[in-house]
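Once you have looked at the hints, place chain E on chain F.
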Amino acid sequence: MKRYLPFIIVAIIAIAAVSAGAILYRAKLPHLLSIPQDKVISGSPNTEKMHIRGEPNAPVTVEEFGDFECPPCSSMAPYLDARVSEFKPRVRLVFRNFPLPSHKHGREAALVAEAAGLQGKFWEMHDVLYREQATWSKADNPHELFDAYAGTIGLNVAEFNKDMESEKVKERVDSDHARGVSLGVTSTPTVFINNRELPSDKRNPEGLHATIDEAVKTASQTKGEQK
Amino acid sequence: MSVARFRTVLYVIVAIVSLAGLADAIYLTVQGLTGETLACGGSPDCFRVLGSQYARIGRIPVAAIGTVAYFSVFTFATFALFGYARARLFLALTITAMFLATLWFLYVQAFLLHAFCRYCLFSAAVTFLLAGLVIALPPREA
Chain F
1 MKRYLPFIIV AIIAIAAVSA GAILYRAKLP HLLSIPQDKV ISGSPNTEKM
51 HIRGEPNAPV TVEEFGDFEC PPCSSMAPYL DARVSEFKPR VRLVFRNFPL
101 PSHKHGREAA LVAEAAGLQG KFWEMHDVLY REQATWSKAD NPHELFDAYA
151 GTIGLNVAEF NKDMESEKVK ERVDSDHARG VSLGVTSTPT VFINNRELPS
201 DKRNPEGLHA TIDEAVKTAS QTKGEQK
Chain E
1 MSVARFRTVL YVIVAIVSLA GLADAIYLTV QGLTGETLAC GGSPDCFRVL
51 GSQYARIGRI PVAAIGTVAY FSVFTFATFA LFGYARARLF LALTITAMFL
101 ATLWFLYVQA FLLHAFCRYC LFSAAVTFLL AGLVIALPPR EA
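Line order of the protein sequences matches chains F and E. Heads up: the first sequence runs through residues 1 to 227, numbered per our numbering. Heads up: the second sequence runs through residues 1 to 142, numbered per our numbering.
Extracted from the complex, chain F is given alone in its bound form (with noise of 0.2 Å):
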């Protein structure tokens, strides 16, 4: 007995280890979110209630819930700018505010970029605040870096640090945030392609490329069948 005792205890162990990972992966494995029909973006949005890049009535939406201190929001950001260019007239990028209390200065590099939205700037808030993440969320007060954003941007600064604290701002990011909580998203970045969300294994130029090219053709196809 003592013979293949060795072997029954390795035996024992790797059916565990197995059977650890696999619980584990089920536990994990991620439960695709959609939206739901009343919370879809309509075809003629209300530009005033949303940040767009891209063409506001294109037939494919992606809808992206990001936080501007969130590394892998940073790391998608440039390709998912790249796809809606790419595929210029039929993709739109939606915006969507969804700062995680895990982060110290998420919510207020939201509201900088909410406030540079006010002057017309989002997109260019946003762009810079992505490229300069790694400077100013280390920063114990990036406040400085904010307002010097700002300025380069080409926004009058003053204004800007009033609409930073005004409520209109913060209701912008709130609702934001909402919509994301109302959706299921707990994570960032979450974004979803016409409703759909996108599988995390996909959350890669190519993946994001053949998802929007899927999309742009079942839009296509719907188009000309109504037709």
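Be a bit skeptical, because a hint or two may be false.
[To be verified] Stretch-level coverage of chain E by chain F, calculated; a stretch enters the list once three of its residues show a Cβ under 8 Å from a Cβ in chain F: (1) 22-29; (2) 68-78; (3) 81-89; (4) 121-135.
[Claimed, not checked] If you anchor each label on the Cβ, the simulated ranges turn out as follows: (5) E/L121 to F/S19: 24 to 32 Å; (6) E/L121 to F/S102: 36 to 44 Å; (7) F/A139 to E/L93: 42 to 50 Å.
These are calculated hints, taken from the structure and not from any lab test. Glycine included, every Cβ here is placed at the ideal spot set by N, Cα and C.
Just chain E, lined up with the frame of chain F:
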């Protein structure tokens, strides 16, 4: 304590410590396979490491290789405990390879990514402990 008894105790400790490393590596492998490294519990440093190009070989998370390595350590320690002579050699070779890999990953985190992942640091600590235990093993009597 006799030398043989001391050796037995060390093999048991090596086997138990390797199980801690195995649990950590399984967790990281599952994280890598499900893509959860992208969310990473809100830790930017964790993402920088686990989401980097150094965390995968092709489509395989390097943590999966760690899982195999820790399981091998457990297996060899168990067989060495039961007197299998070659198991000790394989144990030493496996831990040497893991030690070198750990040095590489610490270099990557410190100098290339400038970020440390706590799970990876735990794994590094386990590997260093295993290396110390193997070095402390008394040589076999002829």
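Against the structure, the hints come out as follows:
Only when three residues or more bring their CB closer than 8 Å to a CB of chain F does the claim for the region 22-29 of chain E stand; here the count is 5, and the claim holds. Restraint check on the region 68-78 of chain E versus chain F: 4 residues with Cβ-Cβ distances below 8 Å, three needed, restraint holds. Three residues within the 8 Å Cβ limit are the bar, and the region 81-89 of chain E against chain F gives 3, so the coverage statement holds. Given a C-beta distance limit of less than 8 Å, the hint that chain F covers the region 121-135 of chain E is violated, as 0 residues qualify and 3 are needed.
Evaluation of the 24 to 32 Å hint for E/L121 and F/S19 yields a pass: the beta carbon distance comes to about 27 Å. The hinted range of 36 to 44 Å is not satisfied by E/L121 and F/S102, whose Cβ atoms lie roughly 19 Å apart. Between F/A139 and E/L93 the beta carbons are some 47 Å apart, a value that agrees with the proposed interval 42 to 50 Å.
The structure fails hints 4, 6 (numbered hints given earlier, in ascending order).
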